[in-house]
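Order-wise, the sequence lines are chains Z and U.
For the first sequence, position 72 (counting from the first letter as 1) is numbered 72 according to our numbering, and the numbering increases by one without interruption.
For the second sequence, position 68 (counting from the first letter as 1) is numbered 183 according to our numbering, and the numbering increases by one without interruption.
Hints were generated in silico from the structure; no laboratory data involved.
Even for Gly, the Cβ is constructed at its ideal location relative to N, Cα and C.
Check the hints yourself; a few may be wrong.
Have a look at the derived ranges for each label pair, beta carbon to beta carbon [as the list claims (entries may be wrong)]: (1) P61/Z with L171/U: 38 to 44 Å; (2) S143/U with E72/Z: 38 to 44 Å; (3) K71/Z with P127/U: 46 to 52 Å; (4) S169/U with L115/Z: 49 to 55 Å; (5) G73/Z with E131/U: 45 to 51 Å; (6) R15/Z with S214/U: 31 to 37 Å; (7) S167/U with E63/Z: 37 to 43 Å; (8) E18/Z with P127/U: 39 to 45 Å; (9) N183/U with G16/Z: 47 to 53 Å; (10) L226/U with E52/Z: 30 to 36 Å; (11) S169/U with E18/Z: 45 to 51 Å; (12) D56/Z with E131/U: 42 to 48 Å.
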Amino acid sequence: NAGVMQNPRHLVRRRGQEARLRCSPMKGHSHVYWYRQLPEEGLKFMVYLQKENIIDESGMPKERFSAEFPKEGPSILRIQQVVRGDSAAYFCASSPPRRPEVAQYFGPGTRLLVL
Amino acid sequence: AQSVTQLDSQVPVFEEAPVELRCNYSSSVSVYLFWYVQYPNQGLQLLLKYLSGSTLVKGINGFEAEFNKSQTSFHLRKPSVHISDTAEYFCAVILMDSSYKLIFGSGTRLLVRP
Numbered sequence: 001n002a003g004v005m006q007n008p009r010h011l012v013r014r015r016g017q018e019a020r021l022r023c024s025p026m027k028g029h030s031h032v033y034w035y036r037q038l039p040e041e042g043l044k045f046m047v048y049l050q051k052e053n054i055i056d057e058s059g060m061p062k063e064r065f066s067a068e069f070p071k072e073g074p075s076i077l078r079i080q081q082v083v084r085g086d087s088a089a090y091f092c093a094s095s096p097p098r099r100p101e102v103a104q105y106f107g108p109g110t111r112l113l114v115l
Numbered sequence: 116a117q118s119v120t121q122l123d124s125q126v127p128v129f130e131e132a133p134v135e136l137r138c139n140y141s142s143s144v145s146v147y148l149f150w151y152v153q154y155p156n157q158g159l160q161l162l163l164k165y166l167s168g169s170t171l172v173k174g175i176n177g178f179e180a181e182f183n184k185s186q187t188s189f190h191l192r193k194p195s196v197h198i199s200d201t202a203e204y205f206c207a208v209i210l211m212d213s214s215y216k217l218i219f220g221s222g223t224r225l226l227v228r229p
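Excised from the complex, chain Z in its bound form (with noise of 0.2 Å):
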């Protein structure tokens, strides 16, 4: 059984540039958390989603960014315009259903550098 996969692992993006970044739950987990590591910080929580639904969104910046998880396919973290703040790991999680408190799976993150 696969883990939680994300892609690229790493990725490099100029200023004003868009970053996507993907992740595939693992099998059967249906609902999806990102979050991110800034440098020499712990992880904040962006965005929580279920299959077409966005469930909790209380961590995503107001502008620029945004998130999706269609019924079929990853879910999609999207940063347009991107500029050097953004510079963080990008951590997807997935849970299974009717019980997503028992525990959340990480994955390898997505390193993103802006220069």
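Guided by the hints, dock chain U onto chain Z, whose structure is given.
Then chain U, alone, in the frame of chain Z:
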């Protein structure tokens, strides 16, 4: 506001010595509690969790933690550490009335020396 505090940013310890990593939380509602470990340039791996029941929980790699409701603490312990335990350790909570998002502490870097 809800928060998780890990007072020690770094804990140096010699190999085979015991270690305790401290975690305190603040919340007006009940919580679920977790400890995760992060090795360099990797994702987070679940060490252990407390959902209910016995306040002493055992996890992987010989780690254990005890939930103390009166002190709102969930300290992580290991009786004898190995070099391979060198990593960043994160304490986290899920609020029982929330959307299941994890609220993390700032992390403690465990540095095991030979």
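Against the structure, the hints come out as follows:
1. The given range of 38 to 44 Å is respected by P61/Z and L171/U, whose C-beta atoms sit roughly 40 Å from each other.
2. For the hinted restraint 38 to 44 Å between S143/U and E72/Z, the CB-CB distance of approximately 40 Å keeps it satisfied.
3. The supplied range of 46 to 52 Å is met by K71/Z and P127/U, whose beta-carbon atoms lie about 49 Å from each other.
4. Between S169/U and L115/Z the C-beta distance comes to about 51 Å, which sits within the given range of 49 to 55 Å.
5. Between G73/Z and E131/U, the C-beta spacing of about 48 Å keeps the proposed range 45 to 51 Å intact.
6. The supplied range of 31 to 37 Å is met by R15/Z and S214/U, whose beta-carbon atoms lie about 32 Å from each other.
7. Restraint check, S167/U to E63/Z: a C-beta distance of roughly 40 Å satisfies the suggested window 37 to 43 Å.
8. For E18/Z and P127/U, the Cβ-Cβ distance of about 42 Å falls inside the hinted range of 39 to 45 Å, so the restraint holds.
9. N183/U and G16/Z have their C-beta atoms about 50 Å apart, which keeps the hinted 47 to 53 Å range intact.
10. Judged by the Cβ atoms, the range 30 to 36 Å given for L226/U and E52/Z is violated: they are separated by roughly 45 Å.
11. Judged by the Cβ atoms, the range 45 to 51 Å given for S169/U and E18/Z holds: they are separated by roughly 49 Å.
12. Remark: the range hint 42 to 48 Å for D56/Z to E131/U is upheld by a beta-carbon distance near 44 Å.
In summary, the one numbered hint that this structure violates is 10.
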